[in-house]
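S.K.: Position chains B, C and D against the provided structure of chain A, taking the given hints into account.
Chains as they are written, first to last, in the working numbering: chain A, 12 to 312; chain B, 12 to 312; chain C, 12 to 312; chain D, 12 to 312.
Quick caveat, the hints were computed from the structure, so don't treat them as lab data. Certain hints may be false.
No distinction is drawn between identical chains; accordingly, a pair holds when it is met within one copy or between any pair of copies.
[Stated by the list, open to error] Distance condition first, Cα-Cα at most 20 angstroms in a straight line; then the derived DMTMM-like pairs of lysine to aspartate or glutamate:
1) K217 - E126
2) K260 - D208
3) K260 - D179
4) K217 - E118
5) K80 - E245
6) K260 - D282
7) K161 - E118
8) K260 - E118
A quick note: this is a predicted structure, and the numbers were derived from the prediction, not measured.
Number of protein chains: 4
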Amino acid sequence: MAIVLGPNQYGKAENRVVRTQRDTPRHEIRDINVSSALRGDFSAAHLEGDQSAVLPTDTQKNTAYAYAKEQGLTSIEDYGLALARHYVDDVEPVQGARIEIEEFAWERVSIDGVEHDHTWVRRGQEVRLAAVTVEGTADAQQTWVTGGLKDLVILKSTGSEFHGFLTDPYTTLVPTTDRVMATSLVATWHYSSLDVDWEAAYAGVKNVLVRTFAEVHSLALQQTLFQMGKRVLEAYGFIAEVRLSAPNKHHFLYDLGRFGLENANEVFHADDRPYGLIQASVLRDDAPAAGPAWDAYTGLV
Amino acid sequence: MAIVLGPNQYGKAENRVVRTQRDTPRHEIRDINVSSALRGDFSAAHLEGDQSAVLPTDTQKNTAYAYAKEQGLTSIEDYGLALARHYVDDVEPVQGARIEIEEFAWERVSIDGVEHDHTWVRRGQEVRLAAVTVEGTADAQQTWVTGGLKDLVILKSTGSEFHGFLTDPYTTLVPTTDRVMATSLVATWHYSSLDVDWEAAYAGVKNVLVRTFAEVHSLALQQTLFQMGKRVLEAYGFIAEVRLSAPNKHHFLYDLGRFGLENANEVFHADDRPYGLIQASVLRDDAPAAGPAWDAYTGLV
Amino acid sequence: MAIVLGPNQYGKAENRVVRTQRDTPRHEIRDINVSSALRGDFSAAHLEGDQSAVLPTDTQKNTAYAYAKEQGLTSIEDYGLALARHYVDDVEPVQGARIEIEEFAWERVSIDGVEHDHTWVRRGQEVRLAAVTVEGTADAQQTWVTGGLKDLVILKSTGSEFHGFLTDPYTTLVPTTDRVMATSLVATWHYSSLDVDWEAAYAGVKNVLVRTFAEVHSLALQQTLFQMGKRVLEAYGFIAEVRLSAPNKHHFLYDLGRFGLENANEVFHADDRPYGLIQASVLRDDAPAAGPAWDAYTGLV
Amino acid sequence: MAIVLGPNQYGKAENRVVRTQRDTPRHEIRDINVSSALRGDFSAAHLEGDQSAVLPTDTQKNTAYAYAKEQGLTSIEDYGLALARHYVDDVEPVQGARIEIEEFAWERVSIDGVEHDHTWVRRGQEVRLAAVTVEGTADAQQTWVTGGLKDLVILKSTGSEFHGFLTDPYTTLVPTTDRVMATSLVATWHYSSLDVDWEAAYAGVKNVLVRTFAEVHSLALQQTLFQMGKRVLEAYGFIAEVRLSAPNKHHFLYDLGRFGLENANEVFHADDRPYGLIQASVLRDDAPAAGPAWDAYTGLV
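Next up, chain A with everything else stripped away, as it sits in the complex:
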């Protein structure tokens, strides 16, 4: 029996790159948190402390900022592809690279209906996600791209039921035909093509997710999530799979009867913990294997 090195990766996490474009008086801005991880044979570093195959994480930091200039930053998927391919193609010991990106959206300030050229307010709503994985070189090169979002907090004040569930001796929940349903959605999706208008795809997927949450009369959060994933796949042929993780942000009806007050689903306590947590994948039955598409580095995607 011997003790051996197993799977490993290393990189620079959470580079906070802000990129403006100022070729004209009307500036543009992109604001991201990017992490890069390199995979390959780094056993000498682990076993002997020999760094000769190790490109420093400091270099990866420099590269993240330099590529925001050299390659531009007009969509996080393209930027991530450029970075991942660079490491695999240009740095000899690197056999695979994983780039994970969070993007924070800004909205242009409007003054009397006119958009300001160079001032923005952070939108603050959901965080956009992307992850790019590239493995191998030349003809053997394979690429996986996922998009996503997190922290999209969405709520409906009716149109949600929960009853008919399995019971056991520990079950005390009262069935309901009308409840508040709310979640802080995490959704990621695997693109089966690289020939995608990333900006339009992101906006479109978000729109389908939100719209479906609103439109589906819900018998369970599970049912709503499946419909959300299904409708994304129906709308976008270049998406192979959608993964959803949805905490059930409980809104408990507050017992006001003790004070002689009726509470017809009007006053709730929004509780923190514990919370229900539903996770599901929705995919095409002919979807290509996900491979390392969802093998996370920092937990972003």
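M.R.: Leaving out everything else, chains B, C and D in the frame of chain A:
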């Protein structure tokens, strides 16, 4: 020499009250985090453990939820006034009450341009604040109301200079005539009247703050903040004082010259810590004394 | 082509269970955050909103608290095993269960060298982790247990070098033979046996990890991590694999030469982001397959 | 009526200074988060954007690191005093300076009972606090120093009652003669002398606070807090006032009777929000005026 009890207060912090209105198919929602603190002679509780003058914090929790039904929750200032007056007027040992509220805004989901009746997405931008303090009863009763906001992240990519500053042997900063200026603004303001349309006032003040940040060509964050406060006071005669606390969220130009790349204010590192922190009050020279308007309980306001 | 439901699980996350033992005047306390996830054929809930196979997450909450009484809570691994087996053995539709636990340690208050019977201070150092996965019933039942820790912040002020690394056009890092090395360690390990003294094993593994970090003269964080994992495996035959995730918490030497001051590795800026992030597995070459041991539900392990 | 500038201050917040001493093989380490604020007539900066009186916050950052070398960092109070006096004495426009410090404690790693020379684990328990305010120069100079701690989580599993409280129509709380009492203590104290052994004083005050929490049979958190403050004042003649802020971290008895289980104060749900929050000052009746001792800049103290 004796050891004595000094100023004290107690209450229930961070009640997460969500209130819907569902009288018609088009529902409404308000989502708040409310804290109540009571002030008065509670020395028996401290000195002898005698609770006979102490209304439990659990009761304050119940009251926060009950008042969302009884009094409604159509503006946080009115709701806060109702709660504060209740404690001072109805609970004998209470001589003063402080209500602090954070409000989280939701925006209605739109489907094909039509607003949905009962589904919303958390806006996620700034958090609205209010604090109400009531002291004394009947003719001796005094009331202070402050409004505010926090977490409003705003940035301009040009139109900001910083030079001509004082130097000493520890000064290494390079003057600049063009930099990114960004902050996560906290602003609070003291209403000198209670006869205010709170919703309109909040929207208006936020608009003035954002607009002024955009419009003022900045020679220093201090200068921008003073103008922001000044224009709020000019626009709203019923506001006596504005207090601003603004972290300078540094965006450092990344040195790309090392890689043969020009960086003409295009690529920045958004740093976390440390950060400059500027705080200032702007007020009318005939402003009434602020009294306990800003004597915080939970640090919300 | 059809759209189908892929892998899914659901449960109640972050139940904050505190269990005291008070059979004698000297009380004991265990303080945990426990999440349970159920796996099985829940397609009816997703596809049709039919809950008849779904044990509510509310029931899982009740069960977490009830089992702290019924089964006791003397080690998180045994408690997790009892919960996981209960779901798989007693709830018919459940084919697999995953229990993830964080434990917060308390230390007894000492007064004049005498330990107090019923007062503790939260230790506050690392958080202990465990995850139990059970699949199948009767003879086909399989069980995986991992232990772990997170948030163990450890630093050495010398005995760490970093040089001889690969360079490319983006490399600007200066090699060093003496630097501060610090991390906030996450380590998890897979037990190949269930016949383990869990409390002793945890204390022992933590001790080996800390001791090895101190004793190894480091040429790279990678090398230190491999040694940490290797020595755990050498010391504990019932551990098959160790996984380590270590952010390099950078301590940058502050340039005091600008002020005529020498800085011989004495004054550092502890930076927040970005950070190097090294991840590695160390295992026996005859280790059993990890199976779902590390298939996380909440990201705890 | 004119609009004028009110009270203002500015500085550099949250400088993360780490200072090692390595004169001998046995190193020492101090790890702090320090903020400095300057007060004076900075109206030209606010009103006209004229920075000629403004020492940049970047300079304050440099100074914080430089002083960790020049003045050393053997106690945060002495380091804070040196910084504050420097700004007031050496920088002409500065009339007052406020230095706020958080300190994170490290404990030396022990290997087989022998302390390691240069490896530590972050203790992780409470955060130590200090704030220094200096106003005026030469004979007119006044100085205030407060010490403190935060995040000290302490719990007793019995020895706490709560009954006999005031009731009103919203009161539903059940009185109890035996409950868990827990808090995450914030305590700050005002030193009436500068001739203090700061390290011994801090350790002593913490010890009195913890011991008193344990020893007092509690009829209310208020009563416990008053005793904690009183005993600190009795023990340390050079402390004039103690301020305590204590969230009541509720541990709710879980209703296990529904499952046929007895719960004799053994199984609790540790709730997050809302929480009771008790704040009180305990002082000598001849205490000097606190002046600006507690006028916070960053909310640290």
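S.K.: Regarding K217 and E126, is the shortest C-alpha distance of 20 angstroms or less found within a copy, between copies, in both, or in neither?
M.R.: between (24 angstroms within a copy, 16 angstroms between copies)
S.K.: As a check of your reading, is K260 near D179 (CA-CA no more than 20 angstroms) within one copy, between copies, both or neither?
M.R.: Classified as neither; 24 angstroms inside a copy, 32 angstroms across copies.
S.K.: When no copy is specified for K161 and E118, does a C-alpha distance of 20 angstroms or less occur within a copy, between copies, both, or neither?
M.R.: both (18 angstroms within a copy, 17 angstroms between copies)
S.K.: Can you give me the call for K80 and E245, within, between, both or neither, at a CA distance of at most 20 angstroms?
M.R.: neither (37 angstroms within a copy, 43 angstroms between copies)
S.K.: Between the shortest in-copy and the shortest cross-copy C-alpha distance, which are at most 20 angstroms for K260 and E118: within, between, both, or neither?
M.R.: Between. Shortest inter-copy distance 18 angstroms satisfies the 20 angstroms Cα cut-off; intra-copy 27 angstroms does not.
S.K.: Taking 20 angstroms as the upper bound on the Cα-Cα distance, should K260 and D282 be classified as within, between, both, or neither?
M.R.: The answer is both: 7 angstroms in one copy and 15 angstroms across copies each meet 20 angstroms.
S.K.: Could you figure out if K260 and D208 sit no more than 20 angstroms apart (CA to CA) within one copy, between two copies, both or neither?
M.R.: neither (33 angstroms within a copy, 32 angstroms between copies)
S.K.: Given identical chains, is K217 near E118, meaning Cα to Cα at most 20 angstroms, within a copy, between copies, both, or neither?
M.R.: both (17 angstroms within a copy, 15 angstroms between copies)
Of the numbered hints stated above, those contradicted by the structure are hints 2, 3, 5, listed in ascending order.
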